[in-house]
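Going down the list, the sequences are from chains C and P.
Heads up, the first sequence is in our numbering, so the first residue is 1 and it goes up one at a time.
Heads up, the second sequence is in our numbering, so the first residue is 1001 and it goes up one at a time.
None of these hints come from the bench; they were simulated from the model.
Ideal placement from N, C-alpha and C gives every residue a C-beta, glycine not left out.
Be careful, since some hints might not be right.
To be verified - Taking CB as the label site, the calculated pair distances span:
| # | chain 1 | residue 1 | chain 2 | residue 2 | range |
| --- | --- | --- | --- | --- | --- |
| 1 | C | 39 | P | 1082 | 33 to 43 Å |
| 2 | P | 1020 | C | 20 | 38 to 48 Å |
| 3 | C | 16 | P | 1015 | 48 to 58 Å |
Stated by the list, open to error - A few chain C positions that, by computed beta-carbon distances, are all more than 12 Å from chain P:
| # | residue |
| --- | --- |
| 4 | 13 |
| 5 | 26 |
| 6 | 108 |
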Amino acid sequence: DGGITQSPKYLFRKEGQNVTLSCEQNLNHDAMYWYRQDPGQGLRLIYYSQIVNDFQKGDIAEGYSVSREKKESFPLTVTSAQKNPTAFYLCASSANTQGPLYEQYFGPGTRLTVT
Amino acid sequence: SQKIEQNSEALNIQEGKTATLTCNYTNYSPAYLQWYRQDPGRGPVFLLLIRENEKEKRKERLKVTFDTTLKQSLFHITASQPADSATYLCAPYNFNKFYFGSGTKLNVKP
Chain C
1 DGGITQSPKY LFRKEGQNVT LSCEQNLNHD AMYWYRQDPG QGLRLIYYSQ IVNDFQKGDI
61 AEGYSVSREK KESFPLTVTS AQKNPTAFYL CASSANTQGP LYEQYFGPGT RLTVT
Chain P
1001 SQKIEQNSEA LNIQEGKTAT LTCNYTNYSP AYLQWYRQDP GRGPVFLLLI RENEKEKRKE
1061 RLKVTFDTTL KQSLFHITAS QPADSATYLC APYNFNKFYF GSGTKLNVKP
């Protein structure tokens, strides 16, 4: 089956620790995205990548880092500098790097809890 | 800055009725707008895309309108079913990105 996988589904960390969230897609999509979703708020864009070895900051990139070494993988690291890391994290991909005509395919999400 | 408003209160309707959800945006003029469905604890799923010159788009029981003068999109589900119960997100497109609203939760009661 084609799609996007995120792992793990639930993740618990202590404050001060860095944590990496996995995102893999086998849709052969060029563009990949990371969003954060908090209760009562819309999805907020953290980082996005339109091509391998290149990525851009979204609206809330502070405290996060990403890499895009392979087309199918776009891991997100939540660093200790992120002040409120507890949230639901969603990864997405789309076929077209710039066009708005293409839907985004979302993964199942990772719920991160930091205490 | 751009702002997207969707009714934060849940919409409760009876099975068989038409559900109408509203998406208002301010401070920009998107040329495209998408609607997504999100079930609890899961990622959003794409439903429809509408362009600014289309005014209305239909797909099976779904209908989306796009009024660029009012800066508003309406999302309709006709003959609603309990399986339509979910949160619906609108996503206007601007500056090469889609910006997502917080969504409106729809409850369809049998």
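Outcome of the hint check:
no., hint, result
1, 39(C) with 1082(P): 33 to 43 Å, "24 Å, violated"
2, 1020(P) with 20(C): 38 to 48 Å, "42 Å, holds"
3, 16(C) with 1015(P): 48 to 58 Å, "50 Å, holds"
4, 13, "19 Å, holds"
5, 26, "16 Å, holds"
6, 108, "6 Å, violated"
Checked against the numbered hints above, the structure breaks hints 1, 6 and satisfies the rest.
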